[in-house]
Amino acid sequence: MVIWRKARAHHVRPDGPRSGWRKGLVALAALLPVVSVLAVTAPASAHANKVTGVASCQANGTYTVTWTVANDYPKTVDVTLVGSPVGGGTITGLPTTIGVSPATATVTQSGIAGNVTTASLTVKGVWSDKYSQSDTGTVWLSGNCRPSHTPAVPTATQPTCTVLTGTIHIPTDTGVTYKVDGTTKTGDVTGLSLGVAHTVVASSTTLNLTDPKSWSFTFVKTTADCRTRIDIPAEPKPTAPTCSTNGSLTLVNGDHYTWADSKQPSDPGTHHVTATAADGFVFTNGKTTVSYDVEVLGATNDCAVELVAPTVVQPQCTGPGTSSSGSITPNTSAHVTYVLNGTVVTATTQAPYKFSATTGWVIAGNGLTATYTVTLVPAGDCLTVVVPVVPDVTQPKCDGPGTHTDLVITPADTVGITYSVNGNVVTATPKTGYKLGSLTGGWVAGPNGTATFTVTVVDPGPCLVTVVPVAPTVEPSICTGPGTASDPVITPVPTAHITYTVKGNVVTATPDQGYALGASQGWTIDPETGVGTYTVDLVIPDCTVTVQVVDPKITTSQECGVAATFTIPTTTGVVYLLNGEVIEAGTYSTPSTGTITAKAATGYALGNSEWSFDLKLPATVACPTVVTPVGPTVDSSTTCGVEGSYTIPATEGIVYLLDGVVVTAGSHDGPASGTITAQAKDGFTLANADWSVALDLPAAGPCNIPNTGGGSKLPQTGGQTGWLVGGGAAALLAGLLLVVAGRRREDTIG
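Using this note's numbering, the final residue of the sequence shown is 752, and nothing's skipped along the way.
Hint data in this document are derived by calculation from the structure and do not stem from the laboratory.
Check the hints yourself; a few may be wrong.
To be verified - Cross-link-like lysine-lysine pairs, in silico, BS3-like; alpha carbons within 27 Å at most: (1) LYS289 with LYS265; (2) LYS289 with LYS223; (3) LYS77 with LYS618; (4) LYS601 with LYS555; (5) LYS52 with LYS77; (6) LYS215 with LYS181; (7) LYS265 with LYS239; (8) LYS126 with LYS77; (9) LYS126 with LYS52; (10) LYS132 with LYS52; (11) LYS215 with LYS187; (12) LYS618 with LYS601.
Sequences are here, hints too, so could you generate the full structure?
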């Protein structure tokens with residue numbers, strides 16, 4: 003509510019020309035400056051969306067400002083963003099409405115570049131009383147927000163037997179610079195001295211590095227044995243002796259070591275052998291030598307020769323009805339000569355060698371000759387046994403609605419067998435060189451070594467193709483508005499070889515010729531006709547919307563002369579009636595009494611159907627009349643012995659008091675003194691509540707009696723003069739008092 007107020011002028015009105023002090027006040031008022039009274043238009047209280055922000059630097063190098071938008075007015079406010087936020091970034095969380103004061107909302111401005119120095123957010127608020135205003139918040143940024151980064155850690159390699167100084171390995175880390183002992187370095191920093199601390203410091207001009215970002219490395223001389231480790235050589239093995247020669251030990255020097263033997267290579271007995279590592283090398287056990295005792299054997303003096311039997315291949319079938327003659331092949335062995343004669347192999351040797359007893363050989367008395375006799379076994383008739391295989395049968399099957407294929411018998415391809423087909427009977431006949439083996443799998447023996455197989459034919463039936471009806475799609479009835487609903491729609495799903503019809507809420511499925519309906523959920527299939535039906539349960543929703551009646555709002559007057567109001571709210575689906583007549587939503591000041599009821603609009607139902615509201619508006623308080631007090635008039639005495647008077651004005655709405663006692667309007671005799679104040683009557687108010695004037699009316703001066711006695715006498719002029727002198731003095735005194743009184747009144751009244 004916007005209230006216009008105008009300052010009221012305060013006036014002092016002179017009563018007449020009789021009073022010199024009144025003229026003085028008028029003259030003084032003429033000298034005072036003129037004060038302009040400015041009518042100010044302002045809202046009843048301030049509307050404002052106070053916008054404040056707090057900025058923070060994010061780990062990714064961007065700023066995020068968290069804005070707080072505060073509603074400082076006791077009404078809800080709709081908030082919108084004005085323009086683009088200063089500083090860039092993305093705005094999230096801006097609400098559409100903020101509640102009444104002191105409600106706040108948090109808005110986030112994220113993704114602001116790290117070099118930005120200012121971020122601002124301007125929002126426009128439109129309050130529920132239709133007042134609108136834009137407010138701006140500003141945050142100052144350092145412009146130095148960089149991404150957080152933990153630098154990669156450098157590593158160190160201590161001196162070794164081959165590298166006698168230290169090495170620091172500087173990692174590759176984009177945006178990070180490493181300094182070793184104050185000098186920028188990359189890669190491997192080698193040749194670092196021993197016994198002192200070497201410092202590595204990481205820095206960056208584009209990243210905000212987190213700890214650790216400095217490291218210290220100290221290198222010390224290696225304490226390892228720097229001789230090269232080599233494997234311990236295995237114990238050497240001697241060769242075995244023969245019947246006429248000793249064994250022998252042959253030593254082969256290896257890489258970085260040499261052998262030494264206490265004997266000659268072929269000397270029988272124990273050989274003490276030692277391997278010695280070359281200079282700069284040591285065996286893995288830390289020693290420079292390793293020794294073994296190896297035994298070398300002498301000649302055995304035993305020259306017996308072992309005979310080897312010939313290789314015999316017995317006669318065997320080489321094909322159906324054919325066989326080989328077999329073969330005998332003498333073998334070879336040291337110091338022996340083998341000769342084949344028919345089926346006998348003869349072996350001969352020479353001294354000092356002699357044959358030792360060997361299975362299958364017959365040795366002569368001198369031990370220098372031996373014989374081996376071979377027996378060859380015939381292979382037999384060599385007929386190959388074959389087994390007939392069950393033929394591949396393709397039974398008649400449906401190849402379309404109402405049609406089927408013929409029986410197909412495909413004999414197997416079996417080596418040694420010839421198959422023939424007659425109707426549904428298959429005959430198997432063995433070929434030359436073959437004979438049928440055991441019959442299984444339905445084969446039956448026939449004449450002349452043949453076999454037969456009879457195929458059982460399976461009738462495929464009428465060959466009807468099953469098709470499955472599909473439930474229709476149903477677009478249900480839905481509420482299209484309060485109290486209204488759409489019509490439901492039943493749509494059959496197209497299915498090959500099925501014709502659908504819809505009547506009411508029943509869908510009928512009829513199969514094409516040669517097809518039959520299969521079972522499907524929700525479908526009922528007539529066993530006589532083969533036709534299926536599907537009944538849809540249609541539900542029409544109740545679209546009535548239930549609403550709650552909201553009470554009108556009574557706003558009492560806070561000022562005199564301004565009537566109280568009542569507000570009919572805007573409530574969807576509710577029609578308000580005042581004393582039985584429809585009343586639109588809005589704010590009204592009349593009537594002061596009545597009954598407000600409600601009824602539901604079409605498509606709606608009242609949740610509180612018994613609702614009613616007894617309307618009683620308080621009476622308008624009349625504003626009191628502003629009145630201005632008027633000072634009394636004073637008529638001082640001008641004649642000795644005659645009192646002066648003062649007059650209390652008759653001012654509408656005002657009662658005057660002298661020192662707190664009511665004094666009636668009109669003229670009052672003096673003398674009198676005190677303070678005149680004013681008091682407003684009922685229905686009136688004083689323009690100046692602190693108004694007062696001082697009243698000072700002195701008593702009249704005394705009159706002197708003329709001197710008629712003796713004493714000094716004035717010259718005689720022909721008449722009496724004493725009363726003139728006395729009267730003149732009295733008049734002079736009265737005039738003097740009048741002047742003084744007039745001055746005092748000028749100082750105190752008004």
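Consistency of the hints with the structure:
no.	hint	verdict
1	LYS289 with LYS265	holds, 24 Å
2	LYS289 with LYS223	holds, 24 Å
3	LYS77 with LYS618	holds, 25 Å
4	LYS601 with LYS555	holds, 18 Å
5	LYS52 with LYS77	holds, 14 Å
6	LYS215 with LYS181	holds, 11 Å
7	LYS265 with LYS239	holds, 15 Å
8	LYS126 with LYS77	holds, 15 Å
9	LYS126 with LYS52	holds, 11 Å
10	LYS132 with LYS52	holds, 18 Å
11	LYS215 with LYS187	holds, 15 Å
12	LYS618 with LYS601	holds, 21 Å
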